[in-house]
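Number of protein chains: 2
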Amino acid sequence: MFTTVAIQGQEASFHHIAARQFLGKSITPVSCDTFADTFDALHKGQAQQAVVAIENSLFGSINEVYDLLLKHKFWITGEVYLRIEQCLLGIQGATPEKVGEVYSHPIALAQCEQYLEETLARAKRFEHHDTSGAAADVRAWNNPTKAAIGSRQAAERFGLEVLAHEIETHKQNYTRFVVLGKDQQVNPAANKTSLILTMAERPGALYHALGAFAKQQINLTKLQSRPLIGKAWHYIFYVDVDAGLQQPAMQAALTDLKAQDCKVNILGSYTSGR
Amino acid sequence: MFTTVAIQGQEASFHHIAARQFLGKSITPVSCDTFADTFDALHKGQAQQAVVAIENSLFGSINEVYDLLLKHKFWITGEVYLRIEQCLLGIQGATPEKVGEVYSHPIALAQCEQYLEETLARAKRFEHHDTSGAAADVRAWNNPTKAAIGSRQAAERFGLEVLAHEIETHKQNYTRFVVLGKDQQVNPAANKTSLILTMAERPGALYHALGAFAKQQINLTKLQSRPLIGKAWHYIFYVDVDAGLQQPAMQAALTDLKAQDCKVNILGSYTSGR
Chain A
0 MFTTVAIQGQ EASFHHIAAR QFLGKSITPV SCDTFADTFD ALHKGQAQQA VVAIENSLFG
60 SINEVYDLLL KHKFWITGEV YLRIEQCLLG IQGATPEKVG EVYSHPIALA QCEQYLEETL
120 ARAKRFEHHD TSGAAADVRA WNNPTKAAIG SRQAAERFGL EVLAHEIETH KQNYTRFVVL
180 GKDQQVNPAA NKTSLILTMA ERPGALYHAL GAFAKQQINL TKLQSRPLIG KAWHYIFYVD
240 VDAGLQQPAM QAALTDLKAQ DCKVNILGSY TSGR
Chain B
0 MFTTVAIQGQ EASFHHIAAR QFLGKSITPV SCDTFADTFD ALHKGQAQQA VVAIENSLFG
60 SINEVYDLLL KHKFWITGEV YLRIEQCLLG IQGATPEKVG EVYSHPIALA QCEQYLEETL
120 ARAKRFEHHD TSGAAADVRA WNNPTKAAIG SRQAAERFGL EVLAHEIETH KQNYTRFVVL
180 GKDQQVNPAA NKTSLILTMA ERPGALYHAL GAFAKQQINL TKLQSRPLIG KAWHYIFYVD
240 VDAGLQQPAM QAALTDLKAQ DCKVNILGSY TSGR
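If you read the sequences in order, they're chains A and B.
Note that numbering that gives the first Met the number 0 has the first sequence beginning at 0, numbered continuously upward.
Note that numbering that gives the first Met the number 0 has the second sequence beginning at 0, numbered continuously upward.
Derived from the structure by calculation, the hints contain no laboratory data.
Each residue gets a CB set at the ideal place from its N, CA and C atoms; glycine is no exception.
Treat the hints with caution; some may be incorrect.
[Unchecked claim] Now the in silico label distances, taken between C-beta atoms and shown as ranges:
| hint | chain 1 | residue 1 | chain 2 | residue 2 | range |
| --- | --- | --- | --- | --- | --- |
| 1 | B | T2 | A | Q184 | 56 to 66 Å |
| 2 | A | A139 | B | T144 | 37 to 47 Å |
| 3 | B | G229 | A | P95 | 20 to 30 Å |
Construct the entire structure; sequences and hints are all you get.
Okay, structure coming up:
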């Protein structure tokens, strides 16, 4: 049986790598152009699960994905952390010195700014909507002066050589992905929970809400504010905590939040991917 | 004497409107293409002040601007809240029914999605890098079938008619701008302070940091996390509080934070614009 998984991007994209890492190599990817399309594919049943990037260690939260998590009531069943290693990819016989044109997604190009300026100073840069698609094009063109920036997996997938690796400027470049499904599976072994807090309107409300976790010795790993739509300058808070939903400390924290008139939406409870 | 003010966008853009509202109508705008260019113009002395959008009530924080505030050590001297009203602009004699092509910034087009689908269903949409530039083009083309989406001020500036107003889907559409300068002016009448908190690494650190303000009855109006670059999955927190820097309660909160080993960067202290 093959699991169908909606991902943003094509085969051998970082989303595909993350999905395979979590769900296994036999998955069938359902390639989507945008994050909204990826959520829609799960919603319409075109895929059984979805894997979406939610945060990058350099660029921060992907706000669009946070907003889509609120809109669709899916369930986070897991998370994957991926080191983003960028490579220069070309056909056999190509070398960095020969490259006159380099193709990739604008973010990947930006991530390799230093390498491009120092080593590929003479190469012209071209934007592509997808790192994996750029690799496919370089393969098809079969020209040693054209290169793509992408993953090692894209090199394997399209039969290209890795001409240079770890060419990203900041090596501490990680992306966190979440795995989404439609069923609210609560794994008893879960040690992490993601939730949205909507506080009553009073001074110190956020402080007291965070106190519900602090009093139970539950560590916060992430706090992301987003606007409350329809009420200018009011916010909701996306929180990740190091505790499973079924743990007594977590249940105590939720009881405390309820007593504070703080609305809680559980987005999922799962095993930490770190 | 004219104050030169770096803004993103052209004359009659929302940045220009915000700058005039805060600094007066005699300012000389220094038009910049990007937020980074706007900060650079202030840095290089091409402008004495800068006005940059920092947050929208629907789209949330503009992360790029938060990161630029950390990079450049400028001082926030004020804030401006602007209701974003979008209008359909055309030449004299044009009507919404006649419009076959509509031009604007992609965000402005997205903000008017409902109007475009319902009333301008037959019109083709074209993206422009600037609402104000789109208005200038519509003026130059002098063709009643072409319209722009932009501000009332753009209509005045370029001699266009407002064919329809308040065409944005969500009326609660406000943008907050900050005014930046190089001198650390501390206004004794200031009642708001923006700062960055970098906490020591321990569970409950954010809760205790927010406690420093809660204990002094200082209200938080905004909390925005951003990644700490170079240390994956660690964060810094941008905080806005309802207290001037020189107020005793604020000084007590800062002393408390220092005792907690929490690093504080003051970004500015100013009078609330609301």
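Status of the hints after comparison with the structure:
no.: 1; hint: B:T2 <-> A:Q184: 56 to 66 Å; verdict: holds (60 Å)
no.: 2; hint: A:A139 <-> B:T144: 37 to 47 Å; verdict: holds (41 Å)
no.: 3; hint: B:G229 <-> A:P95: 20 to 30 Å; verdict: holds (26 Å)
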